Each structure stands twice: as C-alpha cells, then as structure tokens.
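Colleague: The whole structure should be built from the sequences, with the hints applied where relevant.
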Amino acid sequence: MIRMISVLLTALLGWSVALADEAPISGAVKSVDTVAQTVTIESTAKGKTRQVIVYLKPGARVVKFVRSTDPAKPGFVEQAVPLTDVKPGWLVSVATKHEGDKEVADLVKVVLER
Amino acid sequence: MRTTVSWWSAAIAMVALALGIWIGAPTVTCADPNGEEHDDDKGGHVHVPAPLEYADSHAPLRIWTDPKMIARGKEIYTTTCAVCHGDAGDGKGPAGLALPLKPSSFRDRAGVAEMRDNYWFWRISEGGQVEPFKSKGSAMPPWKGTLSVEDRWAVMAYQHTFTGHQGPHVPWEHPESVAMGHDIYRMSCVGCHGAQGKGDGSVGATLSPRRAPQPRDLTSSLFKFRSTPSGQLPTTGDLVRTISEGIRSSGGPFTIGLSGYRIMPSFRHMPEEQRLELVEYVKSLNKAFWERAEIRTVEIPPRPRVTPERVARGKQLYADAECLTCHGDRGRGDGKSAPELKDDLQLPIQPTDLTRPQRFKNGRRPEDVYRTLMTGFAGTPMPSYADALEPEQAWDLVFYVLSLSQGGTK
Numbered sequence: 000m001i002r003m004i005s006v007l008l009t010a011l012l013g014w015s016v017a018l019a020d021e022a023p024i025s026g027a028v029k030s031v032d033t034v035a036q037t038v039t040i041e042s043t044a045k046g047k048t049r050q051v052i053v054y055l056k057p058g059a060r061v062v063k064f065v066r067s068t069d070p071a072k073p074g075f076v077e078q079a080v081p082l083t084d085v086k087p088g089w090l091v092s093v094a095t096k097h098e099g100d101k102e103v104a105d106l107v108k109v110v111l112e113r
Numbered sequence: 000m001r002t003t004v005s006w007w008s009a010a011i012a013m014v015a016l017a018l019g020i021w022i023g024a025p026t027v028t029c030a031d032p033n034g035e036e037h038d039d040d041k042g043g044h045v046h047v048p049a050p051l052e053y054a055d056s057h058a059p060l061r062i063w064t065d066p067k068m069i070a071r072g073k074e075i076y077t078t079t080c081a082v083c084h085g086d087a088g089d090g091k092g093p094a095g096l097a098l099p100l101k102p103s104s105f106r107d108r109a110g111v112a113e114m115r116d117n118y119w120f121w122r123i124s125e126g127g128q129v130e131p132f133k134s135k136g137s138a139m140p141p142w143k144g145t146l147s148v149e150d151r152w153a154v155m156a157y158q159h160t161f162t163g164h165q166g167p168h169v170p171w172e173h174p175e176s177v178a179m180g181h182d183i184y185r186m187s188c189v190g191c192h193g194a195q196g197k198g199d200g201s202v203g204a205t206l207s208p209r210r211a212p213q214p215r216d217l218t219s220s221l222f223k224f225r226s227t228p229s230g231q232l233p234t235t236g237d238l239v240r241t242i243s244e245g246i247r248s249s250g251g252p253f254t255i256g257l258s259g260y261r262i263m264p265s266f267r268h269m270p271e272e273q274r275l276e277l278v279e280y281v282k283s284l285n286k287a288f289w290e291r292a293e294i295r296t297v298e299i300p301p302r303p304r305v306t307p308e309r310v311a312r313g314k315q316l317y318a319d320a321e322c323l324t325c326h327g328d329r330g331r332g333d334g335k336s337a338p339e340l341k342d343d344l345q346l347p348i349q350p351t352d353l354t355r356p357q358r359f360k361n362g363r364r365p366e367d368v369y370r371t372l373m374t375g376f377a378g379t380p381m382p383s384y385a386d387a388l389e390p391e392q393a394w395d396l397v398f399y400v401l402s403l404s405q406g407g408t409k
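Top to bottom, those sequences are chains A and B. As numbered in numbering that gives the first Met the number 0, residues 0 to 113 make up the first sequence, in order. As numbered in numbering that gives the first Met the number 0, residues 0 to 409 make up the second sequence, in order.
Worth flagging that the hints you see were computed from the coordinates, not collected in a lab. Bear in mind that the values here come from a model prediction, so they are computed numbers and not experimental data. Treat the hints with care, as some may be off.
What follows is a list of derived Cβ distance ranges for each label pair [as the list claims (entries may be wrong)]:
no. : chain 1 : residue 1 : chain 2 : residue 2 : range
1   : A       : 113       : B       : 219       : 44 to 50 angstroms
2   : B       : 174       : A       : 50        : 33 to 39 angstroms
3   : A       : 23        : B       : 65        : 22 to 28 angstroms
4   : A       : 23        : B       : 300       : 49 to 55 angstroms
Where a beta carbon is used, it is the ideal one built from N, C-alpha and C, also for glycine.
Modeller: This is the structure:
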C-alpha cells in the first residue's frame with residue numbers, strides 16, 4: 000500500500016514539474032541573432048514585462064500560417080520562415096523549456112508580421 | 000500498528016487523489032446554447048467598460064443585419080482575424096492555439112452577449128495594447144490604423160454571425176450587457192429616477208414638489224447638461240460628468256442640508272468603472288443613443304484673460320441678449336419674466352441666481368458657463384446662444400456673469 004502511494008505521489012510530482020518546465024510565451028520580437036540562433040522576445044504576463052532570450056535548438060523551425068491553396072484542404076497550413084527573415088516587431092509564440100539557465104525551443108510560431 | 004499505517008495510507012491516498020483532481024480539473028465553465036462553453040477565465044472575457052474616448056462609438060443598428068456589411072466583414076475577418084480566432088470563430092485558429100492567452104470565441108453566445116458594441120469596437124481598434132489586456136499579455140494587435148471605422152463595424156457584424164443571434168447586438172436584445180449598470184442603478188438611482196428611468200421615483204418629487212427641476216426622465220431625449228448642440232443627446236462624457244458632479248439647486252427650503260446645495264448627489268466617490276457601467280445602463284433606456292449618426296460637441300476655445308473691457312462688453316451683451324429678462328438686472332434670478340417661467344412639463348421654474356456661482360447647475364468654472372451658454376438647457380426656457388454669439392462675445396458674457404457674484408465689476 001505504502002509503495003503504491005509513493006508511486007502515486009511521485010507521478011503527481013513529476014507531472015507538476017513537467018507542466019511547470021514547459022511554458023508558452025508570446026510577445027514581440029526585439030532582436031534576432033542568426034549566428035547564436037536566438038530570438039529575444041518581449042513578453043508580458045500577469046502585469047510584468049520581461050525580455051526572454053530563446054535559444055533555438057539545432058533544427059528548430061520558424062513557421063507562419065498561410066491559407067492553403069489546396070481546395071480539398073481549406074484552412075491554414077504552416078509555412079517555414081528562415082530565421083533571417085524574422086523582423087523585430089513581429090508577434091511570435093514559443094513553447095520553451097528550461098535547459099540549465101536557458102530557455103530553449105524547437106518551434107517558433109509567427110502570429111503576426113508587422 | 001498495521002491498522003494505523005493503513006488508515007494513514009488511505010488518508011494520504013485521498014489527499015493525493017484530491018490534489019490530482021484539483022490540478023487536472025478544467026476551469027469553471029457553463030454550457031452555452033451555441034455549443035460553446037463560456038469560460039470566465041479566458042483572457043477575452045475581461046469585460047470592462049470601454050473608456051470614454053470609445054464610449055460613444057456605438058455601431059449603427061443597420062450593420063448587424065446588412066448582408067453587404069457582413070460579406071465585407073467576412074472578407075476582412077478571413078484575411079486578418081481567422082488565423083487566431085479561427086475560420087469558425089471559435090478562437091481556435093492555428094496562431095491562436097499557440098498563444099498563452101487564448102483569443103475570444105465568438106461562438107460563446109453568453110460571452111458575446113455580455114460585450115457591448117462600444118467595447119467590441121474598442122477591442123478591435125486598440126487590440127490588446129491597452130489595459131487591462133496589455134498586462135495580461137494579450138497578443139491582439141490594434142487595427143485602428145489599418146481598418147477604417149466602417150471596416151471595423153463590418154468585422155463586428157461578421158463576428159456576430161457566429162453567435163447565431165439574429166438582429167442587432169444592442170442592450171435591449173442583450174440585457175446582460177448592462178446588468179452591472181442596472182444593479183448600480185437599482186441601488187443608487189431608483190429613488191428619484193424610478194424603476195423604469197422615467198423620473199417618477201418616490202423620493203424625487205419630494206425634493207422640489209410641483210416645481211422644476213424634477214428628476215430627469217431618462218427615456219426621453221431631453222438632457223440639460225450636454226456638450227452637444229441644442230436638441231441633441233449628451234455624450235457619454237457629459238453623463239459621466241453629471242453623475243460625478245451631481246446637480247446643484249438654485250435654492251429653496253428643500254435644499255437646506257443638501258451637500259453642496261446638490262439636488263442630485265455627486266457620485267464622485269463611486270469608482271469610475273462603475274460610473275461608466277451606470278451610464279451604459281442609462282443609455283440603454285433610450286434607443287436614440289444608437290440611432291444618432293454623428294456626434295458633434297460644442298468647441299470651447301482657450302479661455303482669454305479677463306480684462307475690465309471684456310467684463311464691460313459682457314455687461315452690454317447681458318442686456319442685449321435679454322439675459323436680464325429672466326435673471327434680473329443684478330443677476331439674482333428675479334427678472335420681470337421670472338414668475339411666469341415654466342419648463343416643458345409646465346412646471347414653474349426659477350431662473351438661476353447668477354450671484355451664487357457655487358449653485359450653478361452645470362458648473363461654475365468659466366468653461367462650464369461657456370458650455371451652458373452655447374448649449375442651453377433642453378426642456379427649460381434657457382436657450383442656446385450658439386447661433387447668436389461669437390466665441391469672443393461668449394467669453395465676454397461668461398466673465399460678466401461670473402463677476403455678478405462680486406457686484407458685476409470685477
């Protein structure tokens with residue numbers, strides 16, 4: 000019984016930590032470093048604005064959503080955007096993970112180009 | 000010993016289970032007839048009153064059902080909004096799904112019904128770049144620089160179709176959109192203005208029996224205190240000013256003991272947000288607020304410096320404009336026609352005693368007096384002088400009127 004409870008509590012704790020470790024952030028791009036493969040985002044949440052440097056993993060993608068040209072599949076499809084094309088001011092959303100003291104991501108979604 | 004351990008184990012298991020359920024449980028929702036759940040925790044459901052600069056931005060009634068407007072709105076929505084709000088208007092566009100603060104669903108009938116049209120217009124215009132949405136991290140961009148007013152109305156009209164509601168999106172179709180204001184009205188205003196806003200509350204008439212002023216019939220289009228030209232409805236700002244300042248009375252035994260001679264109390268102590276909610280309810284009593292095409296306000300030019308010459312010219316204008324007929328030679332409200340004056344309800348009305356600016360109904364600042372001269376008091380014998388006086392002349396008259404409290408010389 001005690002063993003079962005321990006497993007249950009450990010699973011619960013692990014789940015909570017996993018949830019806390021991954022957080023979506025959105026905001027305006029402040030700068031892009033194509034050499035270091037980073038995107039700095041100004042993000043506001045719960046009344047606080049902060050700048051987050053997001054480190055892109057090797058092979059990470061930047062995508063935007065465009066209208067499908069396939070009449071059989073209406074709606075939006077992802078379209079890859081080279082990191083060099085990403086401009087300050089664009090609105091992006093990223094699901095980041097903590098790795099050491101860095102926020103890393105393998106997918107950046109462009110919400111609005113402006 | 001073994002039994003004790005079992006009890007403890009069971010208790011810990013129960014706590015863990017409850018914790019798990021609590022963490023995993025979805026936020027509180029309620030069912031919607033449109034099949035969409037109404038989620039009070041969604042970012043899009045912070046329904047605060049539109050700020051004053053947008054409070055009069057009511058969409059014309061025609062837009063909600065005009066097929067051309069809806070078609071135009073669909074075209075714009077599809078290219079600019081759907082990526083976040085979804086083609087189906089459910090807030091589940093691919094870019095929206097990626098956002099921490101989810102876009103609004105227009106299929107949430109209950110949520111949309113609570114939104115007023117001016118709030119809706121404000122949100123499209125300013126996006127999430129204003130408070131309280133900015134602090135919450137809203138990603139909604141402002142569209143006022145990109146979309147014309149007509150285009151923003153068209154988008155609203157198309158978004159409205161997702162709710163399935165037929166007819167205009169107005170408070171008399173959605174009383175829930177002014178529910179908070181209605182609650183405040185019931186607590187603060189019913190005594191004088193009556194349950195239906197007709198000015199027939201049980202207390203009001205006792206303040207000034209069988210004489211003007213009586214509590215305003217808020218369902219009529221006659222409002223005294225306006226910045227709009229004669230015969231027009233007030234702006235939201237005018238109504239907020241009246242609620243905030245209250246209305247001072249020219250006197251009489253029934254005003255003894257009233258704070259600041261106010262026959263209508265000041266509600267300045269009420270948070271601004273609540274005053275705005277109250278005004279939105281008051282406006283909902285009169286459909287004309289949604290039917291006016293354009294709002295013009297009387298422009299108040301910068302106040303010039305007071306000089307003896309200006310006061311002297313004002314004194315002459317006071318006579319020429321026949322102010323003294325009602326207000327009297329010395330401005331004491333004792334002109335020769337004063338005893339016969341009646342308002343539109345045929346109730347006797349006393350001209351204001353101009354020697355007591357602290358009792359001016361529309362405010363005592365020079366700008367307030369200027370506004371009063373240019374707009375008049377609808378429903379009373381006090382006319383608008385907008386067509387009769389040039390701005391410079393109006394200022395001269397303002398300075399003379401304000402000098403009457405000091406004998407008409409300063």
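Colleague: Hint numbers the structure violates, sorted upward?
Modeller: 2 and 3
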